[in-house]
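Chemist: Residue numbers (the numbering used here), protein chains in the order written: chain A, 1 to 330; chain B, 1 to 330.
Because the hints were derived from the structure by calculation, they are not lab data.
Some clues are possibly wrong.
Stated by the list, open to error - Lysine-lysine pairs mimicking DSSO-like chemistry, simulated, CA-CA at most 27 Å apart: (1) B:K114 / B:K179; (2) A:K179 / A:K114; (3) B:K199 / A:K2; (4) B:K199 / B:K2; (5) A:K2 / A:K199; (6) A:K199 / B:K2; (7) B:K2 / A:K2.
Stated by the list, open to error - In silico negatives: residues of chain A with every beta carbon more than 10 Å from chain B: (8) A40; (9) P83; (10) R281.
All of these numbers come straight from a predicted model, not from anything done at the bench.
All C-beta atoms, glycine included, are put in the ideal place defined by N, C-alpha and C.
The primary structure of each chain is shown beneath.
There are 2 protein chains.
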Amino acid sequence: MKMLINVPETVVSDALRGLAAAHPELTVDVQNRLVVRRDAPVADKVGVVSGGGSGHEPLHGGYVGMGMLDAACPGEVFTSPVPDQMARATAAVHSGAGVLHIVKNYTGDVLNFKLAAELAEDEGIDVRQVLVDDDVAVTDSTHTAGRRGTGATLFVEKVAGALAEAGAPLDRVAATARKVNECSRSFGVALSACTTPAKGSPTFDLPPGELELGVGIHGEPGRERRGMMTAQEIADVALDAILEDLPPGGPVLLLVNGMGGTPLLELYGFSSHVQRILGQRHVGVARTLVGNYVTSLDMAGASVTLCRADEELLRLWDAPVRTPGLRWGC
Amino acid sequence: MKMLINVPETVVSDALRGLAAAHPELTVDVQNRLVVRRDAPVADKVGVVSGGGSGHEPLHGGYVGMGMLDAACPGEVFTSPVPDQMARATAAVHSGAGVLHIVKNYTGDVLNFKLAAELAEDEGIDVRQVLVDDDVAVTDSTHTAGRRGTGATLFVEKVAGALAEAGAPLDRVAATARKVNECSRSFGVALSACTTPAKGSPTFDLPPGELELGVGIHGEPGRERRGMMTAQEIADVALDAILEDLPPGGPVLLLVNGMGGTPLLELYGFSSHVQRILGQRHVGVARTLVGNYVTSLDMAGASVTLCRADEELLRLWDAPVRTPGLRWGC
Numbered sequence: 001m002k003m004l005i006n007v008p009e010t011v012v013s014d015a016l017r018g019l020a021a022a023h024p025e026l027t028v029d030v031q032n033r034l035v036v037r038r039d040a041p042v043a044d045k046v047g048v049v050s051g052g053g054s055g056h057e058p059l060h061g062g063y064v065g066m067g068m069l070d071a072a073c074p075g076e077v078f079t080s081p082v083p084d085q086m087a088r089a090t091a092a093v094h095s096g097a098g099v100l101h102i103v104k105n106y107t108g109d110v111l112n113f114k115l116a117a118e119l120a121e122d123e124g125i126d127v128r129q130v131l132v133d134d135d136v137a138v139t140d141s142t143h144t145a146g147r148r149g150t151g152a153t154l155f156v157e158k159v160a161g162a163l164a165e166a167g168a169p170l171d172r173v174a175a176t177a178r179k180v181n182e183c184s185r186s187f188g189v190a191l192s193a194c195t196t197p198a199k200g201s202p203t204f205d206l207p208p209g210e211l212e213l214g215v216g217i218h219g220e221p222g223r224e225r226r227g228m229m230t231a232q233e234i235a236d237v238a239l240d241a242i243l244e245d246l247p248p249g250g251p252v253l254l255l256v257n258g259m260g261g262t263p264l265l266e267l268y269g270f271s272s273h274v275q276r277i278l279g280q281r282h283v284g285v286a287r288t289l290v291g292n293y294v295t296s297l298d299m300a301g302a303s304v305t306l307c308r309a310d311e312e313l314l315r316l317w318d319a320p321v322r323t324p325g326l327r328w329g330c
Numbered sequence: 001m002k003m004l005i006n007v008p009e010t011v012v013s014d015a016l017r018g019l020a021a022a023h024p025e026l027t028v029d030v031q032n033r034l035v036v037r038r039d040a041p042v043a044d045k046v047g048v049v050s051g052g053g054s055g056h057e058p059l060h061g062g063y064v065g066m067g068m069l070d071a072a073c074p075g076e077v078f079t080s081p082v083p084d085q086m087a088r089a090t091a092a093v094h095s096g097a098g099v100l101h102i103v104k105n106y107t108g109d110v111l112n113f114k115l116a117a118e119l120a121e122d123e124g125i126d127v128r129q130v131l132v133d134d135d136v137a138v139t140d141s142t143h144t145a146g147r148r149g150t151g152a153t154l155f156v157e158k159v160a161g162a163l164a165e166a167g168a169p170l171d172r173v174a175a176t177a178r179k180v181n182e183c184s185r186s187f188g189v190a191l192s193a194c195t196t197p198a199k200g201s202p203t204f205d206l207p208p209g210e211l212e213l214g215v216g217i218h219g220e221p222g223r224e225r226r227g228m229m230t231a232q233e234i235a236d237v238a239l240d241a242i243l244e245d246l247p248p249g250g251p252v253l254l255l256v257n258g259m260g261g262t263p264l265l266e267l268y269g270f271s272s273h274v275q276r277i278l279g280q281r282h283v284g285v286a287r288t289l290v291g292n293y294v295t296s297l298d299m300a301g302a303s304v305t306l307c308r309a310d311e312e313l314l315r316l317w318d319a320p321v322r323t324p325g326l327r328w329g330c
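Pulled out of the complex, with its shape left as it was, chain A reads as follows:
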């Protein structure tokens, strides 16, 4: 498998150097693997920190900036960052108002963020945690006890970031972040496996003519292998799985997310089927985002995430955000 890299060992460091050079509004510590808002810590503001394995870009480093994350700590590809990294990130954004950790539900991340929170609490920093576990495909998986955290991470980071930016206190930012997660559900599908730089070959075997329904963002097995389906059939299966489990309520935020290797032309086409089916099922779509936001390296495929959104969530979603991966209103 050909890659646009020097050697596998420096992939994450090289990417961080590239991020630093392209985005002078961020402070990137390549040595310690931290991406921090240049103006951090922002006085009297709750700090919002996330992190996880690399390979899901723009998640998380690409979502650092005004109105979203204050800091991100990227691990090696598909590998949790270490507690020290997370504790450094926490200290870097701590202004006295406390810090929220946004943690995707993978065993390594959960364990390490727990240790990081203890380290931070030892330093007198008040920490709350929100666990993202929106993937309805499977309960328990290769890297997870319970549901996996996937596309809803974007919603949680955006909404929590907006509320923190507006000056809300730690407990309210944490409660709202939890509400976003509770109101969100995702389902993903893989048309191809992905290839990590270290392995250099596909991480799992997906025969020609088959797809993986309910795949995880590291290529973890989903619900079922099937013969190839049309975009419309895939949208039907994804929305069946999501809507069966989604709390009833108002309109939704819709994320039609590419896994990294699927062209935008296909994603927009897939999105048209998702929107049509939602219309038939009388689910109102308040906002739509189509693109590669929570990726799995070069995996072909897509995921759908819905989040039931009340007026407050929509207002926070629409609030200005300025990050490399998501920007509007400023």
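We have chain A; now place chain B onto it with these hints.
Modeler: For chain B alone, kept in the frame of chain A given last:
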């Protein structure tokens, strides 16, 4: 080759329906294949129109909106739109101040835009054309007499759009667009071929362990096939080719563009090598954009575009833009 589509015949229409549903600020005519700003024609403003084959998303439909294009006309995948489409787009954005056509240098596009301009002139619409031909890799190619138009299209569309938005007259918008093209150079590399929906298999044959230096955005042959190289070596070759030909001058706008199938993690790493080499060669980088902006479906690979930018160009680059694919300042 598995794709997230229904049938090849409806790929472009389905994508346009998805674009319409996701972006209520655009008017999408699926039947006639037009993407137009909802507030077009904007009184007293020069209209800015582009178009070309589909498969390069977000180019061009994703660049319609305030501060960039007024309309785009997408053709079938890798196929020029027809003169009627272009003439309709021109009429839809014509407010009396004239219309600029931004045309990538491919024989079909050039011919059809010429006919469209004649149709529009017959209706009393003043039309100017700027031809984009920034690709230094080859002169004359599969679909082109002269150099191909690639990454600089983004720069031309952004800068011309900003100047038109500021109320400049047609001749000035056209002259500035031409200046941006003259000050821009690109070089692309493919690590894999791309697959069109109609063909369903790779459009060219690139053996494992080889890459194509100087590839075009439809997979047209470049300068040379070579054994696989590191990201750093590729950056060296690309910048050698570009800098040899770039007019001397001030700092540059830098676009490190993904062809569609290369993960953002790799693109940022590649960009770090590009920036380091530019530093060694004393080329100042004023602004950097890293991502999938001018793509070739699922092709793995990247291109580099530099544009020498004076104060005016930088001001126009920084001006607010609100499109699905590029947004800042609003």
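Chemist: Which constraints among the numbered hints does this structure fail? Numbers only, ascending.
Modeler: Checked against the structure, no hint fails, so every one of them is satisfied.
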